[in-house]
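These protein sequences, in sequence, are chains P and H. The opening position of the first sequence corresponds to residue 1 in the numbering used here, with each subsequent residue numbered one higher. The opening position of the second sequence corresponds to residue 1 in the numbering used here, with each subsequent residue numbered one higher.
Just so you know, these hints were derived from the structure itself, not from any lab. Computed from a prediction, not measured in an experiment: that's the story for all the values here. A couple of the hints might just be wrong.
Okay, the calculated beta carbon distance ranges per label pair [said to hold, decoys possible]:
id: 1; chain 1: H; residue 1: S96; chain 2: P; residue 2: S8; range: 31 to 39 angstroms
id: 2; chain 1: P; residue 1: Q79; chain 2: H; residue 2: R22; range: 32 to 40 angstroms
id: 3; chain 1: P; residue 1: P112; chain 2: H; residue 2: Q54; range: 45 to 53 angstroms
id: 4; chain 1: P; residue 1: K81; chain 2: H; residue 2: Q84; range: 44 to 52 angstroms
id: 5; chain 1: P; residue 1: D52; chain 2: H; residue 2: Q54; range: 46 to 54 angstroms
id: 6; chain 1: P; residue 1: H111; chain 2: H; residue 2: G40; range: 40 to 48 angstroms
id: 7; chain 1: H; residue 1: I12; chain 2: P; residue 2: Y70; range: 25 to 33 angstroms
id: 8; chain 1: P; residue 1: E77; chain 2: H; residue 2: E83; range: 13 to 21 angstroms
Residues from chain P that keep clear of chain H, each with C-beta distances beyond 10 angstroms, as calculated [as the list claims (entries may be wrong)]:
id: 9; residue: Y72
id: 10; residue: S83
id: 11; residue: A89
id: 12; residue: F102
id: 13; residue: R104
Heads up, the beta-carbon is just placed ideally off N, CA and C, and yes, glycines get one too.
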Amino acid sequence: GQSLEQPSEVTAVEGAIVQINCTYQTSGFYGLSWYQQHDGGAPTFLSYNALDGLEETGRFSSFLSRSDSYGYLLLQELQMKDSASYFCAVTGASGGSYIPTFGRGTSLIVHP
Amino acid sequence: DTGVSQDPRHKITKRGQNVTFRCDPISEHNRLYWYRQTLGQGPEFLTYFQNEAQLEKSRLLSDRFSAERPKGSFSTLEIQRTEQGDSAMYLCASSSPTDREAFFGQGTRLTVV
């Protein structure tokens, strides 16, 4: 089976940098993804790591360490619109199927 | 293409009734997923299709739940004899083999009264 752990809530001020950590357990690891979900909206893709290291996409970066079963999402220059839930999702092999399994999510609250 | 679409967006039903939801994936996507999400939780995997074949089903999916994807295009999720515990957002997502991401629809919010 697969399981993920991430903090339930993180707060920060506008313009700051915040890091959301994720640890996972899985068999047949393929990749770790991050999704953003605003209240009432659909999850939208932010980033994906299949190999160790840092992936940068604008203000968002994601890091993976496969040996530690650990990753994080780094959000820089925080804006009020970044207030949302952030989910890490691990894609593992299951009989040849590639199924993302999601964590419980981290609620990010950005204060002015 | 306008992305993944789900219908209806909202459904209120009485306990014991049957409900059916529809998902239209992005047209070239052969992978289709159903998830269930309750307030404050992440999406929980329900079932997975590759083309028309249902390859994976979660243990969460009791025998009251059934899903189909005829001809590998749209998919339906049916819940029979609904219970209050079935109240949730039902999300559909699709992807292609070359995608790193799953594309989600806006979901169907089910309320069982």
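Cross-check of the supplied hints:
Distance hint for S96 of chain H and S8 of chain P: a CB-CB separation of about 33 angstroms, consistent with the stated range 31 to 39 angstroms. Judged by the Cβ atoms, the range 32 to 40 angstroms given for Q79 of chain P and R22 of chain H holds: they are separated by roughly 36 angstroms. Our hint of 45 to 53 angstroms for P112 of chain P and Q54 of chain H holds, since their Cβ atoms are close to 48 angstroms apart. Here the CB-CB span from K81 of chain P to Q84 of chain H is close to 35 angstroms, at odds with the stated 44 to 52 angstroms.
Checked against the hint of 46 to 54 angstroms, the pair D52 of chain P and Q54 of chain H fails, with Cβ atoms roughly 34 angstroms apart. For the hinted restraint 40 to 48 angstroms between H111 of chain P and G40 of chain H, the CB-CB distance of approximately 20 angstroms leaves it violated. Separation of I12 of chain H from Y70 of chain P is about 42 angstroms and departs from the stated range, judged on CB atoms against 25 to 33 angstroms. Distance hint check: the CB atoms of E77 of chain P and E83 of chain H are about 46 angstroms apart, inconsistent with the given range 13 to 21 angstroms.
For Y72 of chain P, the condition that its CB be more than 10 angstroms from all CB atoms of chain H holds, with the nearest at approximately 17 angstroms. Non-interface call for S83 of chain P relative to chain H: holds, since the shortest CB-CB distance, roughly 15 angstroms, exceeds 10 angstroms. Non-interface status of A89 of chain P relative to chain H is broken: a Cβ of that chain comes within 10 angstroms, the nearest being about 8 angstroms off. Non-interface call for F102 of chain P relative to chain H: violated, since the shortest CB-CB distance, roughly 4 angstroms, does not exceed 10 angstroms.
Against the 10 angstroms criterion, R104 of chain P falls within the reach of chain H, whose nearest CB is about 5 angstroms from its own CB.
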